[in-house]
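Enquirer: Per the numbering used here, residue 1 is the first one in the sequence shown, and the count goes up by one each step.
Treat the hints with care, since some could be wrong.
[To be verified] Distance condition first, Cα-Cα at most 27 Å in a straight line; then the derived DSS-like pairs of lysine-lysine:
#: 1; residue 1: 125; residue 2: 189
#: 2; residue 1: 98; residue 2: 116
#: 3; residue 1: 98; residue 2: 207
#: 4; residue 1: 267; residue 2: 207
#: 5; residue 1: 125; residue 2: 64
#: 6; residue 1: 304; residue 2: 334
[To be verified] So the derived label-pair ranges between C-beta atoms look like this:
#: 7; residue 1: 21; residue 2: 183; range: 29 to 35 Å
#: 8; residue 1: 183; residue 2: 251; range: 39 to 45 Å
#: 9; residue 1: 384; residue 2: 241; range: 28 to 34 Å
#: 10; residue 1: 247; residue 2: 181; range: 39 to 45 Å
#: 11; residue 1: 157; residue 2: 332; range: 26 to 32 Å
#: 12; residue 1: 336; residue 2: 67; range: 26 to 32 Å
#: 13; residue 1: 375; residue 2: 240; range: 37 to 43 Å
#: 14; residue 1: 184; residue 2: 384; range: 31 to 37 Å
Derived from the structure by calculation, the hints contain no laboratory data.
Backbone N, C-alpha and C fix where the C-beta goes; we use that ideal spot for every residue, glycine too.
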Amino acid sequence: MRKHIKGNVSWVGYIDWELETFHGDDYSTMNGSSQNAYLIEEEKTVLIDTVWTPHRFDFVENLKKEIDLNKIDCVIANHGECDHSGALTALMAEIPDKPIYCTANAVKSIEGQYGKRGWNFNVVKTGDELEIGGGKKLVFIEMRMLHWPDSMATYMTGENILFANDAFGQHFAVEELFNDRANQCLLYKEALKYFVNILNPFAPMLKKKLAELAALNLPIDIIAPSHGAVWRENPMQIVEKYAQWADAYQEDQVTVAYDTMWEGTAKLAHAIAAEISRQSPGTVVKVFNVAKADKNEVMTEVFKSKAVAVGSPTVGNSILSSVAGWLEFLKQLKFKNKKAAAFGCYGWSGESVKILKELLAGAGFDVIDESIRSLWNPEEEDLAAAAALVSSLLGKSPEE
């Protein structure tokens, strides 16, 4: 069922209420998601993006109920990833000669995924335009590495709509479609989680792209991303948030992340958390066992934090695999301007704290010298050592 966006523009995507994970199992979608495709019906009829491969046949059949497919003049492929291009195989089987407008890199990714099928690709770059009638046109804007090399956005003049693809989206199922109709707490929670876990690694490029977008001086009435709610009420609010988030964002928060074998490292984690609250009552403290907590939710809290304390017992002359995997993901996200501390228990060899420090430094954190390395189970002197660790992590005296 189509949903009206503005003028002769409609949403024709797919709301995925039951989706629980994305990017394989690498991203949790606790509030569902959507794959947003858009239909423009001016003198030219234009389809912007499609939906994920599992829904390709439903998408084409639903589209047939709305329009004669032969009336489609062209398809815009803003991004070649299969959650946006997945229905192209079924669609182009019906309209094989229709032109597909995309970047040069998108041709590579689409053909790489679906094979060379002889489709009529028309390669575009930033500033290229396509007249669609009624004095309106589409303007293409490359969005390289947001978050693939092939990504672009498409701007529609007249209606002042930015079809932003993977920028400014959320994995969030919103039947009501628009940001002003969505649950505001969930909307921003999912928008931030999406930014942190998908786009933050490309924050330096994003900052440049936001500046480039501003320099184009385009009036934007609606931002229509490829996932989640469409921003029609004050659409620039999400652009402003992206500018803040991309600039080494942090709040007055510290996150303690750990895993434990026989609860000794857990005791240290909770002692550190309590000491943070004692020394800095206004600081928000979050504590997570990374083997049990959702990693995307934890990373969102780490992103908000000015510092982290990470703990693992020593096992096999190293650290627990749950913490090792979590730290690899942490490194991938490329957080900036954050401090870190390490702690853990051991029974005989005791390498975990040293390894944690090395891995945290490799992930770009400013690792403090103070740590807690407890033999077997924490004694009073181990728990008391939390004061010095926390004061260094917070950059203040333990007695302040």
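Enquirer: Hints first: check each against the structure and report whether it holds.
Expert: Here is how each hint holds up against the structure:
1. A threshold of 27 Å between alpha carbons decides the hint, and for residue 125 with residue 189 the separation of about 33 Å lies outside it, so the pair is violated.
2. Between residue 98 and residue 116 the alpha-carbon distance is near 15 Å, which keeps this suggested pair within the 27 Å criterion.
3. Note on residue 98 and residue 207: the hinted pairing is violated, with a Cα-Cα distance of about 35 Å set against a maximum of 27 Å.
4. Distance check on the hinted pair: residue 267 and residue 207 sit about 41 Å apart at the alpha-carbon level, beyond 27 Å; violated.
5. For the hint linking residue 125 to residue 64, the alpha-carbon distance of about 30 Å lies beyond 27 Å, and the restraint is violated.
6. Our distance criterion of 27 Å between C-alpha atoms is met by residue 304 and residue 334, whose separation comes to about 13 Å.
7. In this structure, residue 21 and residue 183 break the distance hint of 29 to 35 Å, their C-beta atoms being roughly 21 Å apart.
8. Between residue 183 and residue 251 the Cβ separation comes to about 22 Å, which falls outside the hinted range of 39 to 45 Å.
9. Residue 384 and residue 241 have their C-beta atoms about 41 Å apart, which leaves the hinted 28 to 34 Å range violated.
10. For residue 247 paired with residue 181, a C-beta distance near 30 Å fails the hint of 39 to 45 Å.
11. Residue 157 and residue 332 have their C-beta atoms about 38 Å apart, which leaves the hinted 26 to 32 Å range violated.
12. Evaluation of the 26 to 32 Å hint for residue 336 and residue 67 yields a failure: the beta carbon distance comes to about 46 Å.
13. Between residue 375 and residue 240 the C-beta distance comes to about 50 Å, which lies outside the given range of 37 to 43 Å.
14. At roughly 44 Å, the beta-carbon separation of residue 184 and residue 384 lies outside the given 31 to 37 Å, and the hint is violated.
Figure legend: structure checked against the earlier numbered hints; hints not met, in rising order: 1, 3, 4, 5, 7, 8, 9, 10, 11, 12, 13 and 14.
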